[in-house]
Every structure is written in C-alpha cells, then in structure tokens.
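Okay, here's what each chain looks like letter by letter:
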Amino acid sequence: MENLLQLWSSSGLSQMTPGAAAMIAVGFGLLFLAVRKGFEPLLLVPIGFGGILANIPGAGLAYSAVENAILQGDAQLLMQLSAVLGLDPDAPVKALMEAAESAPAQVRSAAAAMAADAGFGNGMLYSFYSVAIATGVAPLLIFMGVGAMTDFGPLLANPRTLFLGAAAQFGIFATVLGAVSLSAFGIMDFSLADAAAIGIIGGADGPTAIYVSSVLAPDLLGPIAVAAYSYMALVPMIQPPIMRALTTEAERKIEMVQLRHVSQREKIVFPLVLLVLVALLLPDAAPLLGMFCFGNLMKECGVVDRLTDTAQNALINITTIFLGLSVGSKLVADKFLDINTLGILALGIVAFGIGTASGILMAKAMNRMGGTPLNPLIGSAGVSAVPMAARVSNKLGLEANPHNFLLMHAMGPNVAGVIGSAVAAGVMISLVGG
Amino acid sequence: MENLLQLWSSSGLSQMTPGAAAMIAVGFGLLFLAVRKGFEPLLLVPIGFGGILANIPGAGLAYSAVENAILQGDAQLLMQLSAVLGLDPDAPVKALMEAAESAPAQVRSAAAAMAADAGFGNGMLYSFYSVAIATGVAPLLIFMGVGAMTDFGPLLANPRTLFLGAAAQFGIFATVLGAVSLSAFGIMDFSLADAAAIGIIGGADGPTAIYVSSVLAPDLLGPIAVAAYSYMALVPMIQPPIMRALTTEAERKIEMVQLRHVSQREKIVFPLVLLVLVALLLPDAAPLLGMFCFGNLMKECGVVDRLTDTAQNALINITTIFLGLSVGSKLVADKFLDINTLGILALGIVAFGIGTASGILMAKAMNRMGGTPLNPLIGSAGVSAVPMAARVSNKLGLEANPHNFLLMHAMGPNVAGVIGSAVAAGVMISLVGG
Amino acid sequence: MENLLQLWSSSGLSQMTPGAAAMIAVGFGLLFLAVRKGFEPLLLVPIGFGGILANIPGAGLAYSAVENAILQGDAQLLMQLSAVLGLDPDAPVKALMEAAESAPAQVRSAAAAMAADAGFGNGMLYSFYSVAIATGVAPLLIFMGVGAMTDFGPLLANPRTLFLGAAAQFGIFATVLGAVSLSAFGIMDFSLADAAAIGIIGGADGPTAIYVSSVLAPDLLGPIAVAAYSYMALVPMIQPPIMRALTTEAERKIEMVQLRHVSQREKIVFPLVLLVLVALLLPDAAPLLGMFCFGNLMKECGVVDRLTDTAQNALINITTIFLGLSVGSKLVADKFLDINTLGILALGIVAFGIGTASGILMAKAMNRMGGTPLNPLIGSAGVSAVPMAARVSNKLGLEANPHNFLLMHAMGPNVAGVIGSAVAAGVMISLVGG
Amino acid sequence: MVFGMGTVVIFLALLVFATGVMSRTVQRLLPDPEPEPANPAPTPIADTELIAVISAAIHQHRSRTK
Amino acid sequence: MVFGMGTVVIFLALLVFATGVMSRTVQRLLPDPEPEPANPAPTPIADTELIAVISAAIHQHRSRTK
Amino acid sequence: MVFGMGTVVIFLALLVFATGVMSRTVQRLLPDPEPEPANPAPTPIADTELIAVISAAIHQHRSRTK
Ligand code: NA
Ligand code: NA
Ligand code: NA
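Protein chains in written order, with my numbering: chain Y, 405 to 838; chain G, 405 to 838; chain X, 405 to 838; chain E, 131 to 196; chain Z, 131 to 196; chain C, 131 to 196.
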C-alpha cells in the first residue's frame, strides 16, 4: 500500500500543474508546426520535444541537482540548503531556486555538494544545456558548420550587397530601443542586456540569437530561440507584404546583370580578410565569426575535405540535436510562462519587419546614388534566414518579371546578413556585457 | 642502475597480481566470444578490450586521480590523504579506496585537489566512465539511436502484443525477489538497490541494464553489463528448450493472420502517445523512454532525415565505443572477482528463463481468453533482445510449419519488450532509488 | 561618446601588441604552408587558424577565466585575486598569470570562482584545450583512428623490420641529451621533462608528441606540435640527402623478395600480442598503444565494421578539428615567442636527421649480420611519418633501380616506427614523469 | 515487487488502450494522403545516359578506392 | 544604439573596401591556374572496363543494401 | 637515456620474437579457412540485371548529388 502511494505520489499526474500542462501543449504545438508545416524542423523538432521533456512533472530533467533537491528534498535538507545559500530557514522555494542560480560560485558549489550527498543529480536536459549552451560551444560549432556550407561567391561578385546585409540589422537596434522603451514605460521589465538579446531575434539567425542570449540573458533563452526559429520559418509569410508595399512594380522588374566569375583563390582569401577585420576591430565577435570563417576556409581551401565533410554533417547534426534539446530545457513553465515572453514574441516580429524594410530601403537608396541598378527585392534577403529569404526575393522577382532570376543575386545580401548579425552580436556583447 | 630499477618497478610484470591476470584472461575470453562466436560484438569487443586495459598493473587506467594517488603515492601523501578523508594515519589502502568513493562530495573534491597537486590524474577509462556512464548520457544516446532504428509498425498492427512484452518482464521482478532472498538467507550480500539492478538483466536490454545499474548499483555495473550482453547473445541457445517445453506441436503450428497496413501518421503519433503516458504516470522512466521516443519520432516524422541518419550512425557508434570501454573500466579485479559476480551471472540467466517462460504462458493465456489466436512462440520475443529473440521465434515456427513466418509478428512483442523493460526500470528507480 | 571610447578601447587595434601581430603572422604562415604547399593540412589548417584566433587582442580566447580576469579586470578585482593567489596586492600581471597556472588546485578553484562571479569565462580555445588535450583524450582518439587505418600486414610478413623502427627512435634519445646539454651550458633553459618532450619530435608522430608534451611540458606544447607536424611534412626534403649520403649506389639497388601472404588471423592476434607486451613491460605506454591496438583490432576482427568506420571517419575528424584548434591555443605570443622555441625547432630537425640516419645504419648493420638482404633505403622509414617516409624510400629506390618497388617493404618499418615512438613515449613518461 | 510487476502491466494495458484509440482516430481523421506511385518502372535508358551513369560509377568507384 | 548600428555599417563598409582590394589583388597577382580540362568527355569504354565498372556497381549496391 | 634507448630496443626485440612465435602458431593451429573464391570472374550479366544495376547506380548517383 505504501508502495502504491509512493508510486502515485511520484507519478506525473499527481504533480501536474497548469503551467506544466500548458508548456507540454506548447511543445506539441512546436512539433506540429515543425512536422506538418515544415517550420525549421531541424531545430523545432528537438526544441519542441525537449520542451515536453522539460515539463514532465517530477522528472526534473531541466533542473540542476540543487534545484531538484529544493523541489523534491525533505524539510531537513531544505533547511540545510537554506543555510548554505544564506537564506532564512523558512525561505520559500522560489527564493531558494533563485539563490541556487544567482549565489556566488563557491556557495553554489557547496550547495551542489550537499545535493549530491543527498542523492540528487543534474537532470538530463540541464546537463545538455551546461555542456552545449552555457559554454557557448554548440552555437559556435553550428556556425562552423554553416561556414563550411556557405558559398561567398555571389557576395564576392558584388560586394556592395554587404550594405544590404548591414542595413537589415537596423531591425536589431530598433528593437533594442523598443524593448528599453517598453521597460521605461513600465510595460515590460527588461534590463539593457535583456533588450540586447531580444533585439538579436531581428538578425534572423538562430545560432547567433542563442549565443548572444546565453551570454547576456540566459533566462530569456527559451522564448528568444523559439521566436528566432519560428519567425525564420515564417519569412515567406512575413516578408512579401512588406516587400510589395515598399517597392513599385517597375522596381520589382529590374533585371540584374549576371554575376562575374569568382576565382577559387578569392574565395580562399575572403574568410581570412574577414577574420583580420574582426580581429582588429571587434574582438567580441571573434568566437562567432572566427568559427564561421574557419568552417568556410576549410571548405574553400580544398585540402581538408574530410574535415569539411564532418563539419557539414556528423558534427553539425550531433550539435543540432543537443542544441535543440538544450533550448527545450529553457521551456520550463516557470521561466517561459511570463508576460515577458509575449513581449519577446511581439518585439521579435517587429524586428523582422523593420529589418526587412531597412534592407529594401537601403537597396533603393543605393540605386539613387548610382552604379549598376539593384533590384530592391534582394534587400529583404539581408536579414539572413539563409536561404529562405533569398528564395522569397526570387519568387517575388519572378512574379513581376518571368525572366528575372534573383536567387543568386539575393544570396549576396543573404550571407552578408549572417555576417552583419554576427557583427551586431559582437557590438552588443561589447557594449552591454563588457 | 637506478633507472633500470625504476623501469622494472614501474613495469607490469613486477606489479602483476593473480586477480589482474585472471581479469585479463576474462577480457580475452570476452574478445574470443565476440570475435569468433559473434556474441554481441559491437559491445563485447569494446567491453573486453576495456577490461584488459583496466587491469594493466601500474597503469591505473580505471582509477580516479585520488585512487591512483592512494595506490602509487608515497607514505607522506598517504598520510595527508588519510587526514583529508577522515581516517587514521595508518589506515589500510582498502579503507582509503573505499573512503575515496563514499566520502561526502566536498571531502572528495579536497582529496582530488590534493592528488592533482601531487601530480596524479584520472585514468583514461575512469574519465570515459565519468562522462559516458556516471552522467547517464551514453545509455540514453544509445536508446535514442535504437529508437531511430525501431519500426513500431508490427506493434501498432497488433497492439495486444504489448501484453507479451509486459509479461516477459516478470523475469525482472522474480529475479529481484530471488536476489533479496539470497541475501536474506545470507548466501549473497545484495542490498535492495543491488537486487533491483540485477533483476533488470532479465529485461534483455543492454543500455537499460547499464542505465539502471549506474543509478542504483554502480559497483555491480561491470558484471551486470557483461551478463546482460552475454545472455542477449545466448538467446538462440537459452530460449528454444524453454519454448519447446511450454508449447505443444499444435500451438507451434498456429499460423497468424497477416498484419494490417499501418499508416505513416500512426507511426508519427505513437511515440508521442507513449511519451504522454510516461509523463503522466512514470516520470522516472522519462529519460530512457523520452530519448527512445525522440529517436523514433525523428525517424518517422520524415522531416529531419539528416539528424536521424546521425543518430543511427555516427552518434550511436561513437557512444557505443565509449560505453563499451567505460563498462570495461568496471572489470577491475577487486570489483569483479567477487562471489557476488557469480550470483549475478546465475540470477541473470534465471531472469532470462523466467521472462521467456512468462511471455509464452501469457500468449497461451490470451489465446484462452479468445480473440484472433496468437502463436505462443512469439511470446518469448517479449524479453526484447531485438531482433535476436524475434528470429528465434521465427526459426522455431518454421521448424513446426514451413509456411509459418513469425518474424514480423514476433517484432511486435520484441519492441514491446524494450518498452516494458524501460517501464520496469522506471518503476525500480522510483521504488528503490527515490 | 563614451560608447565610442568603450568600443575603441575594446577593439583589437587599440590592444594590439607586436607579439600578437607576429604570432598572427605565424598563423598565416602555417595556413600558407598547409594550403599552398600541402604541409600536413589536416592538422596545420586548424593549428594555424587556432593560432590566429588565440592572438586576437582583447578576445582572450586562449585564456582561462582567471587569466581573462587578470588581463581585463579592474584594480579592485586584481587586488582580490592577488590575495586569493597569495601574492602582494601590487603583484605584477606576469606574476599573477604564473600563479594562476601553478597555484595549488584548491587555490586555483577559489580564483576561478572569483573570476566567474566577476563575469569572466573561459575562452573558447582554452575550453577546447581543457577537454581535448589536458585530459589526453584527443591524441588517444587519434591513435585509435590511426590504429583502425593501419595495416600490419607488411610488418608481420617481415617482423625484423621492427628493429629499423627501433633504431630510428635513437633520434629521440640523442635529442634529449642535446637539450639537456644545451641547458647545462646555459644556452637554453630546459628541464629534463622539457627535454624529454622535445625529443619526441624525433619520433615523427604528431599525436604522440602532443600526448607526451601535454603530460611532461604543457608550456612547450605549441612549438613542439608545430615542429612535429612541420617536419613530418618536410620529410621528402629532409630525408633524401641523408639517405643518399649514407648508402652506396649498389645498396640502393638491392631488390627485396616479395612479402609472404599474411593471414587474417595473424592480423587479428597481432594487436593483442602487442597489448600483452605493453601490459607486462611498459604500463606508461598503455594509453597510447592500448588505443592504437584497440583501433587495429576493431579493423581486423571484421565483426564491428560500423565502429571501425566511425573510428576512421567521423570520430577522428571531429577529434582532429578540436585537437588542431586546441594546439593553436598554445600559440599565444607570450608562450611561443621565446628563445626556447628556436631551440625546439633546431633540436627537432636534428632529431629527425639522427632518426633517419640511425634507421639506415641499422639496416646496413643487419645486412652484415646476414639473413635476406634489406635495402637500407627502407631504414629511414622507421621514423614513422606514415606514409610519407615509406614513399620517400620507394622513390629513391626507383631512382636507383626502376624495377625496385620498396613501398610495401618500407611500410613495415614505417608502422614499426609508430610503435617505437609510442614505446619511447612510455619510457620517457615512466623515467621523467613518474 | 508485486506492485512493480502490476505497474508494468497496468502501464502497458493503458498503452494498448491508448494506442487503439490513437490508431482509430488517426485512421478516421488523418488518413495518409494517396501514396505517390513510388518509383516508376525503370524505362529504357538512352545511350548517352548510360555513358553518364557509367562514368559516374567509375568516378565514384575511384574516389572510394583511392 | 546609434553607435551600435554605426559600428555595424562601418565594419561592413570596411569589409566592402577590403574585399574589393583583395579581389583585385588576387586577380592580378594570383590568378587561378588554367582550369584543368575538367572531366574529359567520356570516351567509349572497352568491354572489359565496362564489366569491371558494372561489377563494382553491383558490389557497391549489395554492400549498401545488405 | 641509454637505458631509455635500450628499453625501446629490448621491447621491440621481444615484439619481434613474440610476433614470430605468434605467426608460426597461428599458421599451424589456426590456418585461415579456405579462402572463398573471392569475387568470381564476372560472368556475362543478363540484360535485366544490367538494367537493375544501372538504375541502382542512377539512383545512388542522384541521391548523392541532390
Ligand atoms: Na542577420
Ligand atoms: Na525487455
Ligand atoms: Na616514430
């Protein structure tokens, strides 16, 4: 009988909370979007599944050993933990949980030792998060793999398109201002670091958003990652109305001259040029752009094909699995179900919109300043979201003019957008985190 | 001359003990079984080789830095370590070794710091074990990979076969009772946690056995893993006599109706249904079954094929290498050469036998209760040991009736057995470890 | 304005030092050699790139959290760190940096906690180094992969060639004597452990050199790894003059009898024989040679092909990427730009030369002692540098006698050289590190 | 242990039930779309294609065996 | 944030400039070597080679599908 | 260092000896089973098989290059 009670009290049903149930529903929603609608499935399947796992009541998969001890330990252990964490013996669980995260490092390690002695361990997803995201390594390896899959040819053939990739980052900075204003007016409660991390959603680049958020605002990582990947998947819906509104039929019909041939040696030297500029000007962007350039150099140099192949396949796939599950660990109810999450989702889509518009307007401005005319439709590709945004540009171009193949032309600003948002990430970390 | 003495005293020959020699022989025995007899070579080659490495005298590959310091340090260091570990200055090595494992976490970390300062490091296999098994991550990744290779079609076509997978787990629980009785009569010395870990051998599922044993009885992990994989390899020898004894010729001739077609969408939804049940009822099974369902969902959903491919190949292979070597680290003489190991081997084969019998008897009982008749030979496949047990069912079916192809029918209980033993594992952890 | 200043003061340009600039140039030099000249690109591309990243001023990628706190923290933090590390409040940065590396383990962990609380983290390359090299795991996994790619057939067909692989290790020991002498005369400043690590360069085996150096002389790992891989790439230039000088035209014309067929079972048993010898005689070589034999056994036994495939591809490639970047982390200016580096480079090439000569002279000596005559050109392959050195032997053989195919004959001493230098590594660790 | 075995059986009984409900629901509400006519029967291949295929195979073979 | 956006634009402007200089330099000083005449047109393959290729393909196919 | 070099030579000498003993033992006691007649000479392939092989090669090629 006692056994039955023990099993029941340890079952999920008896410990289920409305929040956990809601987050499990969110997890299923993400899986539905990924599987049925094809929304960035490579990331949203692991994130959604991780989100469900994280909210299984009583399993504690997303919690550290100390958090699990606080949630499931007996009264005596809680009193001891309160003492170690410097709280009153009758401190509420919420205060203990906060202290477990924010106490000085030596206090946290004493609490961890106490939890271990009491038989509690880190949850599986918490361990994944610690290794993959808290160290920053997973987003960096994804960036290396993306670098190893990126062809800078179109960008090198027409380097002016870098300006489009720059302009589209305006969405990032406008959103930071927006988030700071919302806090100033007391509508939301974001610190400057939070605002910077939220803004990066506008960069339309998942690993960059996760990297910045892991440095500046780990608590918001869940909603930020979900927003970034969801909106990247929604690019074919978000961008076209903005693109049509800001361009004339005549502009959309502009045919672009064929891109010049880019030699292999230019492609080899380009990542090194970019690396030198980063080294000289923006060391805080060095991890992201360094790994990106490393991946690209491996691909282009042609003498380490077996490493390139691994970076493009086994390594990036393994990293993606762990990254996704780790992001899922941040979808626990008490961190995700917050008014701030709605603010993040709202700000994120605004950031996308502003970025799209800025890219197009920049293209139009460059046309006024002369030079070979650009079709402004490729400006929207500057947000990144490779290669979706470039495909959207191509599609709208074909609608206006059936002979107008913009895909390769849009790939220039598209990869420029990746560089642009990584640069913006470095600026944010330098200004806010330093 | 001094150099020569130093080399000789650090050589393996001068430090060889009968126990180490015996365990090296055991390692060669496992390699022989794996390579010549084809016994589960994917696991037994790394386990056997790891076992040999673990017992190389003087290399200390299976020991932590503190254990290496205790075994090889000078008198002064031993006195200091005794003081840190709270023992008498002249405590015997055996007591120090035990304290190094069982002392409170902060004491252990102080001892580790002392060993590091004296120049000792963790042995290679000990490091592998810490990362791969002590965290639980390797068995979980194997489960994800197995999930990504499992086809639930036959199970979905005939869900009643889940009962066969349930019945076959009776071997687990009977074995636990047996182990507890042996201890009660003073024949062996197993705690309840030990007994639970030993019982899981009857689940005929290597990663589940390793996972449970890493949680409940790390000291017994070596013999438990060896027993689990050896008996899985012996399924074609262990099961047939039991199957023939418990069935009549007429029963073995029963032809089963062809399985209905199972739609892709059922296959996609099934792992989610299983996940929800686990979440609601048995959170302690969530890591194992969660990763299993995750792997299976990745496979069936069809939109993340590159992740599925990695989970089925590079990732599971890498994990298998480290898992096997890590298990080998538990084959050190002083942990393995123990009367308890014989008890574990004996109990393990009993568990297999009871599980096989229970599956068959359950099939016969279900036939009595009506419904489409089952060939009781598929009941034995409920122990899991995928796909060996299903092949054994098929073989005996063909012997009795050359038109009787049971393979696909036996795959249902076979994969049900995987679920069943993971559920049993969750129950054990919940009842014993909680 | 303040923002601008902050950005400028955090930029690389404002923090660039001549040393960092020089090391970035060295990194580009390594990339040039790897990409244009084909010098061991699989390692030198990651090493060169890692070297550039390590020297980006202000990024701190190669430093631990404590080192980053020392370099970038404010005055108050520095005073607190000085106190924790047991130094005067006004200790110079250089003293703090040294203390951060050499203080007792508990002091270092207190300093790490303080740096973490102040918001500093480990640099990316430092983290890679800690996981990949400081634990020894990366060189060991490379050795496993190399084992899984090595065919011992030519060696088994003519085991006498093992003596050539032994003789070529004379370069290692001669170099150690050289390094010790240079220090005795005050020209350089190498400890015995340093000298042993430098000598291993003469083994012409990258992972062995890295492994030994990570154990005996982590500070010199950068130049040692660079020297080892550079000279391995230079084998076609370094060896031929020595080979021509030490052999007569008649000797170079010696045709060798065709190798006998080696059975599969001999190939399976050989790694086990080697393992037993290592276990009995030289436990300190057990990690390196154990993993090597494990990889080779997996390959030859034929029953774990999926593990072999992973060891030969995904796993060794992933490891190579991290190993290379980690070695790059040791190319920071203050560790690399030292007179000792020049000494290491000079001693390294001497070691190569002596090893080459010893192998050839041993072959000539063996011819005098009778038996089937050996072409002395295969003696130089004993240094390892697989398969480059064997190809060089073949090329010089063909020059002297167009019917003289030495490639397979030279593969025997070539793989013997791998075993030989791993044995030498074990001897060094045993004598110097024990 | 009786409780343990009971839990396993009850859990799997619930799974049998839930799977049955799921299968019926999916079959009714979400039938698989018409299966595409798999791989059409290989049509006779023109000579040029044959050459291309063979050269691809050679290339593949060489790149494998090098 | 104005500074932030400004930094991004300036950085990318410098990159445009550096890329331009790089491309011109590389094109002048390090032109790609004459591209090798890629894969020469597949010449008619002798019968023995055809058999070899096909048996390789079969072997490959079998080892894949086993 | 003399001891060091000596150890290397002695170790490898023992390995030469052990390898010799091993090879002789294995050749006597455990000769490889009759080698299977490796790849039998490629017999003329029937047309249907040829088509199958080629379509497999095409399929493989396509799945690679997509
Ligand atoms: Na972007
Ligand atoms: Na089972
Ligand atoms: Na060597």
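Wrong hints could be hidden among the right ones.
[Stated by the list, open to error] Between beta-carbon pairs, the in silico distance windows are:
1) C:F133 <-> X:E653: 15 to 25 Å
2) G:D623 <-> X:P791: 19 to 29 Å
3) Y:F589 <-> X:A425: 24 to 34 Å
4) G:M641 <-> Y:S506: 51 to 61 Å
5) C:F133 <-> X:P508: 26 to 36 Å
6) Y:R772 <-> Z:Q157: 49 to 59 Å
For the record, the hints were derived by calculation from the structure and aren't laboratory data.
Glycine included, every Cβ here is placed at the ideal spot set by N, Cα and C.
Do the hints match the structure? See the list:
For C:F133 paired with X:E653, a C-beta distance near 38 Å fails the hint of 15 to 25 Å. Between G:D623 and X:P791 the C-beta distance comes to about 46 Å, which lies outside the given range of 19 to 29 Å. The hint said 24 to 34 Å for the Cβ distance between Y:F589 and X:A425, and at roughly 48 Å that hint is violated. At about 59 Å, the CB distance of G:M641 to Y:S506 agrees with the hint of 51 to 61 Å.
Separation of C:F133 from X:P508 is about 33 Å and conforms to the stated range, judged on CB atoms against 26 to 36 Å. With their beta carbons about 30 Å apart, Y:R772 and Z:Q157 fall outside the hinted range of 49 to 59 Å.
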